[in-house]
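S.K.: Here are the chains, one letter per residue:
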Amino acid sequence: MTTLRTPTNVGTAQPRLEAREKVTGQARYAVDHPLPGALYAWPVQSAFARGRVIDVDTTPALAVDGVLAVLWHGNAPRLEPAGDPTLLVLQSPDVAFHGQVVALVVATTLESAREGAEAVVVRAEIQPADTVLRADHPGLYEPATVNAGYVGRVEKGDFGAGFDAAEVRVDATYRTPTEHHNPMEPHATTAFWERGRLVVFDATQSSTTVRDTLAALFELPPQLVRVRNEHVGGGFGSKGMPRVNVVLAAMAARFMGRPVKLAFSRRMLFSLAGYRTPTIQRVRLGADRDGRLLALAHEAISQTSRLVEFTEQSAVVSRVLYNPPDHVSTHRVVALDVPPPTWMRAPGDCPGSFALESAMDELATAGNWDPVRLRIDNDAATEAGGLPFSSRHLVECLRHGADLFGWAGRDPRPAARREGRWLLGTGVASATFPAITWPSTATARATADDHFEVAVNAADIGTGARTVVRQIAADALRCDAHCVEIAVGDSAIGTAPVAGGSMGTSSWGWAVTKACRLLRERIEREHGGRVPPEGVAVSADTTADIAARDEYARHAFGAQFCALRVDPSTGEVRLDRMLGVFAAGRIINPTTARSQLLGGMTMGASMALMEQTVLDPRSGDFVTSDLASYHVAVNADIPRIDVEFVPEEDPHLNPMGSKGIGELGIVGAAAAVANAVHHASGIRVRSLPITPSALL
Amino acid sequence: MRPFAYERPGDAEGALATMVRPGAVYLAGGTNLVDLMKLGVSAPDVLVDLSHLPYRDIEALPSGGLHVGALVPNSDLATHPAVRAAYPALSQAVLAGASGQLRNRATVAGNLLQRTRCRYFQDVTKACNKRNPGSGCDAREGEHHDLAILGASPQCVATNPSDLAVALSIMDASVQYIGPHGSAEISVHDLFRRPGERPDRDTNLPGGALITGVVLPELPIAATSVYRKVRDRASFAFAAGSIAAAVDVREGVVHDARIAWGAVAHLPWRAWTAERALRGAPATADSFARAADEELAGARPLRDNGYKVPLLRNLTVEVLREMTS
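Heads up: the sequence lines are chains A and B, in that order.
Adding 494 to a residue's 1-based position in the first sequence gives its number in the numbering used here.
Adding 24 to a residue's 1-based position in the second sequence gives its number in the numbering used here.
Be aware that a few hints might be false.
As the list claims (entries may be wrong) - Here's a subset of chain A near chain B, in silico, CB distances under 8 Å, partners left out: (1) R915; (2) V1032; (3) S1033; (4) G1065; (5) R1068; (6) D1070; (7) V1117; (8) T1118; (9) S1123; (10) A1130; (11) R1134; (12) D1136; (13) P1186; (14) S1187.
As the list claims (entries may be wrong) - Within a straight-line C-alpha distance of at most 20 Å, the following computed SDA-like cross-link-like pairs (lysine to any residue) qualify: (15) B/K62 / A/G1022; (16) B/K62 / B/R164; (17) A/K516 / A/H527; (18) A/K650 / A/E877; (19) B/K62 / A/T603; (20) A/K516 / A/M678; (21) A/K650 / A/T824; (22) B/K62 / B/R139; (23) A/K516 / A/A532; (24) B/K62 / B/I82; (25) B/K62 / A/K650; (26) B/K62 / A/V558; (27) A/K650 / A/Y816; (28) B/K62 / B/A48; (29) B/K62 / B/R26; (30) A/K516 / A/R826; (31) B/K62 / A/A613; (32) A/K650 / A/P819; (33) B/K62 / A/S1123; (34) A/K516 / A/G728; (35) B/K62 / B/G47; (36) A/K650 / A/R663; (37) B/K62 / A/D984; (38) B/K62 / A/V1117; (39) A/K650 / A/R826; (40) B/K62 / A/E605.
What the hints contain is simulated information worked out from the structure, not anything from laboratory work.
Note that this is a predicted model, so its numbers are computed, not measured.
Quick reminder that beta carbons are idealized off the backbone N, C-alpha and C, glycines included.
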């Protein structure tokens, strides 16, 4: 009879289970799997943004030693629609964006494939392309719903009247540029067919979605498709949906009858793996003389591609952080001849919070209010839609943060503190991100020697998901963590949601908890507490549990603080320190949680100061398409960052009481930096990034 | 991949003899050339690897000054005690460039001969007179936020990316090489050139010339020289603008001044006009600003790089003020 242990795993700091494998190079990523006879594929991309491919001359490519085939729309196998039209690659002569794949070269070596791709001659009829987002674009329209299913427009009260009546007002327009995820591992796939079954190793945040998509594209029952993603080298949303790499690799493998490997180059990622849309956001805030918000308008503009509608939900954050009597939040989008934008760490909330939380800082300046105080005074009990929050400790985050940061007594005057050539400043912003839980399945099996095998099709994209899920399992099983073997990253395990939307741990963890508890119950009830020699296995599905929850607005919150310096003569900005204080439910693993928030804040600082992808409207392509020209923060840019948690218990979430933390850390970070730049220099930068050229 | 021959001569004679083969180029650290080969910008038929040649020493010259071998790694140059003592701006400039790993690999001569980082030069689908003479210049109306404001031509607005070259420019350094007519020496001022109508030519070196070293003359004013670089992130980025400066002030009056700017032109931009304006002027912020303005009167910024004008002006004033206060 096993003694049940008091649950002690959840809440303790634990290193990643696969850390040694990764730092010693043993962990295998998508194209690291050795397969005898594997071929290599290299895409040919369109060098124009809009038009039709008339003909592809494959002869010079086929003459290259080692090249076995060139696929293009004239000879590629047919695919069935599978939702995203972008995935119907090599199916039509139409080109909708620069860099779209127009041919694929398959060869015995990577070098031959690449040389063959350069030899392919594409004859095309090129049409003028429209690639620049602007606020007066005649093609802008208001979609009914935006990303993540939010309604495009929310109106409450009478914004016009409320804003007109307000004594203190801000009306400003903010811009964020195109930004690219740039995960370390490029989008990559190894694919092979085995007696009618398709197996792929894919760099994806959701092997379930890739499985279902491939099944639809290739007209297979889903059980004949297996997608494995045991290790994924980052994604930030760009691997949330299948990309053409997996479609092309599967197609080529079927065409050739041999395994095929395909890894995008860094440059290909810029057009083929999604990006964050540029945004133009007008925010109007009106307050009374005491700093009470009366009216809020947030109007967001973004772009999508002609192939698929994706509307960044930038104004949604204004429905969550504040709730004045008069509110309007809207979205407009225009379809351009550009690659499809996609989710990038905290879609909507990230660019939206830059606009909203910059505007709040401008309001604080206009009303001569302390920016922390102004936020505390405008805390809300419900969302703009009226739903109460399941828990909300934003005020506690702001207060605790202000204490830790040393905010009290801050001199509000801009450009008033000098240290040598530097002007010093501090800034604050609020953060929020939805606490999402989606249905998932999981299985748990006990063996007679008191060991457990728990499987959930989680994707560990570097977050520590595997480690965290094991902690959850061990506590649900009431055993030591080392007695639990965890399997993740394989669609054969069962259906599970994407490692995205910060929903992974809550969703997978609930299914794991349920499976483990069921297993314990069954061992007790049916086997008298003793695992029989053949073992005991159960599976669980949380669909009904999640549907049965009460309706609440479920969100995590946080407060971002930043201290920095600006050299007014050169426009250089140097961060001195950042502090993030977060209330995100129960923290399951402080080590991996801290990494997530630290990473989010770092990415937010990088967004504030340097990240931008420049498009050349003449050709419609991104000209800063490598890591030399697309700057991301390096160590020298990032100062001390402290991450603190406000304890939070929320019974309305899931059995673990957890909220998502993968995206929360980036929300508000750019605004905190921009607000500190204003406090230091007196210059309000409303268009990111804040490079020297922006300050001179 | 494109086939190419690889040769590794053991001495200068061997290297020069191999370079006469069509499509031959020298390979030193390879930190720039190999990237350009991957991008298709450079497609040599023969790589002449110089790694077995000498020229790896930094030696004191009997006449004063230093001789720096062409193949000295950038990191060795930056940390050499004599360089740090007598030519601090040189050390600072090298350390302001690239990353530790790249500086370990990159050589002095390779640093001087690195190609522009203009986006359009690096993309073979774009028009670029430097890469493909006569094809035009897509940068002039394109993404040129990093490109030249001084001395450019209708054909080319590229900038020289080297930090080292900017520091060498104020030190009257010269470059020794073996050319078609034997050993020769060229001042660093004559080595680099404005793009004019021949932007495909980065330097005035004769074809096939093998750089063997750099001569740093004895130069007392350089002992307090300073290099400062402004860029879009704190490390591992090319300059938005940079300055190498040395100044000799006697009794409040500028006796001598040397100023060179980086990231503003096809060559390290020695600010001769500003220097002339400074000599004999009081060492005040006003003089510094006036001198910088005189030099910048010739600036012709493009649509998106006008910020470089105030940047260089302010950098010059601030650096000179710090050096003279």
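S.K.: For the pair supplied as a hint, B/K62 and B/R164, is the alpha-carbon distance within the 20 Å limit?
M.R.: With a Cα-Cα distance of about 25 Å, the restraint between B/K62 and B/R164 is violated, given a limit of 20 Å.
S.K.: Is the hinted pair B/K62 and A/K650 satisfied, with a Cα-Cα distance of at most 20 Å?
M.R.: This hinted pair is violated, its Cα atoms lying about 57 Å apart.
S.K.: Is B/K62 close enough to B/A48, meaning Cα to Cα at most 20 Å?
M.R.: This hinted pair holds, its Cα atoms lying about 17 Å apart.
S.K.: Assess, step by step, whether the Cα of B/K62 is no farther than 20 Å from the Cα of B/R139, and give holds or violated.
M.R.: At roughly 14 Å apart (the allowed maximum being 20 Å), B/R139 and B/K62 satisfy the hint.
S.K.: Given A/V1117 as an interface hint, is its Cβ closer than 8 Å to any Cβ of chain B?
M.R.: Interface hint status for A/V1117: holds (5 Å vs cutoff 8 Å).
S.K.: Tell me if the straight-line CA distance from B/K62 to A/S1123 falls inside 20 Å.
M.R.: holds, 16 Å
S.K.: Tell me if the interface restraint on A/G1065 is satisfied: Cβ within less than 8 Å of some Cβ in chain B.
M.R.: Holds. Min distance 7 Å.
S.K.: Is the shortest C-beta separation between A/R915 and chain B less than 8 Å?
M.R.: holds, 6 Å
S.K.: Does A/S1187 meet its interface restraint, that is, does its C-beta lie within less than 8 Å of any C-beta in chain B?
M.R.: At 4 Å from the nearest chain B Cβ, A/S1187 passes the 8 Å test, so the hint holds.
S.K.: Let me know if the C-beta of A/D1070 comes in closer than 8 Å to any C-beta of chain B, holds or violated.
M.R.: violated, 12 Å
S.K.: Within a Cα-Cα threshold of 20 Å, do B/K62 and B/R26 meet the stated pairing?
M.R.: holds, 10 Å
S.K.: Can you confirm whether the C-alpha distance between B/K62 and A/E605 stays at or below 20 Å?
M.R.: holds, 11 Å
Consistency note: the structure conflicts with the earlier hints numbered 2, 3, 6, 11, 12, 15, 16, 23, 24, 25, 30, 37.
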